[in-house]
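Residue numbers (this note's numbering), protein chains in the order written: chain A, 1 to 100; chain B, 1 to 320; chain C, 1 to 391.
It is worth saying that the hints were derived from the structure and are not from the lab.
Hints may be right or wrong, so weigh each one.
As the list claims (entries may be wrong) - In the SDA-like style, the derived pairs of lysine to any residue whose C-alpha atoms are separated by at most 20 Å in a straight line are: (1) A:Lys31 with C:Leu329; (2) A:Lys34 with C:Leu52; (3) A:Lys3 with C:Gly17; (4) A:Lys3 with C:Gly7; (5) C:Lys62 with A:Arg61; (6) A:Lys6 with C:Ile313; (7) B:Lys49 with C:Ala291; (8) A:Lys34 with C:Asn238; (9) C:Lys295 with B:Ser130; (10) C:Lys81 with A:Thr35; (11) A:Lys42 with C:Leu52; (12) C:Lys126 with A:Thr29; (13) C:Lys45 with A:His33; (14) B:Lys49 with C:Asp387; (15) B:Lys65 with C:Phe304; (16) A:Lys42 with C:Arg380; (17) A:Lys34 with C:Glu46; (18) A:Lys31 with C:Asn215; (19) A:Lys42 with C:Thr175; (20) A:Lys6 with C:Arg15; (21) C:Lys227 with C:Leu63; (22) C:Lys62 with A:Ser62; (23) B:Lys78 with C:Lys118; (24) A:Lys3 with C:Phe14; (25) B:Lys49 with C:Gly7; (26) C:Lys295 with B:Asp123; (27) C:Lys78 with C:Thr175; (28) A:Lys3 with C:Leu329; (29) C:Lys45 with A:Lys3; (30) C:Lys53 with A:Thr35; (31) C:Lys147 with A:Ser52; (32) C:Lys53 with A:Lys3; (33) A:Lys6 with C:Leu63; (34) B:Lys59 with C:Arg380.
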Amino acid sequence: MNKLGKYFLVLLFVLLGLFAIETLYMYTTAKHHKTIKNEFVKIVGLPDLAISNGANFIRHRSYSDTFSLFSNGPELLEYFPSTFTYNFAKKNNPARIQTP
Amino acid sequence: MFLTPEIIAIYILDIIFLVFASFAFIISIMIVKKWDINSTSELQYSLEKRAILVATIIKYIFILKLPLFIFFVFTADKISGVITGAMCAAGVVNSISFGLWLFVFKILNLFIFGFWIALHVKDMQDEKLSFTKLKFSIFIVAFVLLVVEIFYEISFFSSLDVDKIVSCCGTLFSVASSSSFSLIFNIPNNVIITTFYLIFALLVFFSFLKKELPFLVINVIFFIVSLLSLILFFGTYIYELPTHHCPYCFLQREYYYVGYLLYITLFIGTFSGISGSILRMLRADYKKIFYKTSLIFNSLYVAIVTAYPIIFYIKNGVWL
Amino acid sequence: MNHFLIGFAISSLFRRGAKSFFTIFIFTSLIFLLSSILFISNSIKEELFITLKSLPQITVQKLQAGRHTNIEISKIDKLLKLNGVQSAIPRIWGYYYFEKAGVNFSIVGIDSFDKQYKKSFEAIVKDVDFDELYKNNSMIVGEGVDKVLRENYYQGVFNFIKPDGELKKIKIASTFKSATALESNDIILMPKDLVLEIFGMNKNEVTDIVLEIANPEEIPTIAKKIKNLFPDSKVITNSDLRVSYQNIFDYKSGMFLALFIISAFTFFMIVYDKASGLSSEEKREIGILKALGWKIDDVLKAKFYEAFVVSFISFLVGVMLALFFVYTLQAPLLKDIFIGYSRLKPVFDLPFAFDFQTLFLLFFLTIPIYIAAIIIPSWRVASMNADEVMR
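With the hints as constraints, model all of the structure from the sequences given.
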């Protein structure tokens with residue numbers, strides 16, 4: 001192999017090493033706060049994250065039904081379809097329990 | 001229908017495969033019809049060039065298909081979290097009527113494409129290119145199978161239904177179920193184990209004898225018997241649960257992904273045996289190394305599956 | 001593997017430095033963008049799944065005319081009679097729209113600040129004085145709520161407007177710890193009777209009922225029974241929530257991917273074009289190689305090694321940059337795609353979530369497309385006649 005090829009091999013190993021070190025570092029320093037979060041959820045008991053709360057029907061979207069997007073306050077314009085992609089089940093059978 | 005990233009990735013690759021394979025298919029037909037190695041015409045010259053393109057395309061598809069198969073199982077495993085009642089890939093695959101066929105086609109295509117490449121390598125070493133017509137005829141068949149597989153795969157993902165309750169491995173792979181699997185549960189355990197080891201002994205025997213035809217047949221039988229014995233007997237020891245017969249669950253983390261190791265060794269072992277035998281039957285000067293490869297990987301597979309019951313027996317002092 | 005060919009491929013990449021650099025740069029940015037999105041969506045999903053097992057096993061809500069309404073408290077007795085139901089707890093919660101700031105708060109009621117909560121409160125609430133809480137009617141709010149209220153000059157106290165127009169003044173006792181920001185940002189926790197008063201709800205009605213099931217295997221059967229018992233109810237099981245979580249983020253990253261396909265295809269076209277448009281110098285190079293006795297296969301192999309080098313370097317660099325961007329820099333700009341429009345944005349750290357499946361997925365979405373784009377152009381280049389190009 002010529003000189004450039006060898007440089008390339010070195011570069012490859014350096015990149016792979018960096019990649020491994022980076023993931024390992026992130027893995028070891030990651031903070032998940034699992035117990036605190038679980039403690040909190042146990043008390044409040046509501047699903048979903050507080051990242052989308054522009055309207056109340058998307059805050060706890062696992063609980064909301066398709067109709068709820070019409071029940072907003074009068075000055076809240078309906079901006080639902082454009083800001084939140086929402087995948088509702090075809091058959092709105094909440095418990096998804098049905099006999100085949 | 002789902003729109004998960006994994007499924008989109010599989011769709012994209014399927015479409016790329018389909019487009020390229022269609023190119024290769026058209027060229028293959030031309031080659032099969034007009035190939036004449038003794039001719040010095042312009043046409044023959046361009047066909048020879050195109051043959052290389054087809055070979056490249058097939059290599060590309062095969063090399064991607066190998067990891068893609070594992071990825072498919074991965075994806076089915078992931079989707080099992082969304083489909084009610086499915087605990088692993090088995091539930092997802094069997095929630096669609098042709099799910100099992102999809103799997104059969106996938107494995108079959110892997111074998112055929114792999115064999116094609118082995119044939120191609122052999123062909124390129126031959127200055128008369130005497131297998132060219134044969135290999136392109138094989139590809140024409142392989143193309144049809146590939147199209148069927150892709151068609152099945154796309155309709156498989158688009159007909160998955162979140163609302164339907166599926167029965168998973170617990171019921172699918174059990175004596176009581178009415179699925180097509182339940183038939184094989186009529187085979188008693190000692191029969192399948194004896195057959196398994198007997199076939200393996202024959203395989204070892206023939207690999208030392210170095211006879212192609214019996215070795216080929218025994219490899220095919222070994223592949224089928226291995227899968228059956230894995231479902232019927234060895235699987236239960238991997239799960240340490242006498243009622244669990246699923247051939248997918250040990251692909252999951254709980255069992256240290258041992259399934260991938262098992263299937264890969266089994267595939268390499270039987271594949272090298274089958275393709276090697278065929279190639280050697282076609283040309284006597286094909287190297288005999290494949291007997292060794294096949295033997296090593298098959299033995300590795302047998303060693304791993306045998307280890308599970310033995311370790312279980314040593315630990316617990318009883319058989320399941 | 002012929003290492004001379006690899007060496008040749010690399011030096012030919014260097015010879016066309018600007019061109020290769022451009023390809024690597026674009027490919028790296030594409031991979032970077034794609035992996036950032038997948039990483040963000042993965043870690044938000046991870047965040048959701050961390051708390052999944054603490055959520056109620058079955059939630060029973062009432063639907064009237066297709067809408068969620070309050071459920072009668074008397075139904076609890078009937079629910080408790082079902083076999084396997086360990087406990088049934090009525091809950092009162094809802095949304096309070098704070099018009100001045102244009103934000104929604106989620107108000108959750110609990111059975112007064114009882115001693116039983118003391119331990120868990122110490123874990124989740126910032127320096128709480130439990131006895132003080134117990135005596136005075138006060139509330140605990142999320143950090144986001146606290147911030148919004150402060151901006152609107154409510155310090156330590158807030159006036160809720162009741163349905164009849166009267167004001168209800170409630171003290172803010174403390175805020176939740178910032179570790180829970182993603183869950184608690186817009187939550188207000190207060191005793192049940194206060195919530196009832198603020199919402200103007202009937203005393204014998206509740207928002208929903210939460211069931212605890214002794215044996216998790218029985219959950220689907222019990223859910224079915226409840227549905228039969230009260231046809232007007234909506235029964236949400238723990239596994240429904242899991243499915244909902246999985247779906248929403250698969251859907252979001254799926255939407256992004258659908259857009260990504262377009263850019264991937266454009267990239268495909270660029271690579272295809274670049275690989276097939278040869279300069280006269282390159283043509284001469286191929287001609288000389290073939291005259292030296294290289295076969296079509298050899299030229300093709302060299303081209304593939306080039307492609308491999310380009311895609312592998314781009315892949316590694318792209319994924320590494322994405323990891324750094326998402327988990328160290330906390331994904332500025334891109335995070336907003338997942339957060340949506342809200343004036344109550346939580347300040348939160350994306351938890352580290354990285355698995356082989358994502359790596360696999362990234363691989364399949366990028367490298368095969370690149371290789372596919374060069375197959376036909378490389379073949380065309382490789383199969384040119386020596387005399388034709390050297391002329």
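| said: For each hint given before, does the structure comply? Return the numbers of the non-compliant ones in rising order. | reply: 10, 12, 16, 18, 23, 25, 27, 28, 29, 32 and 33
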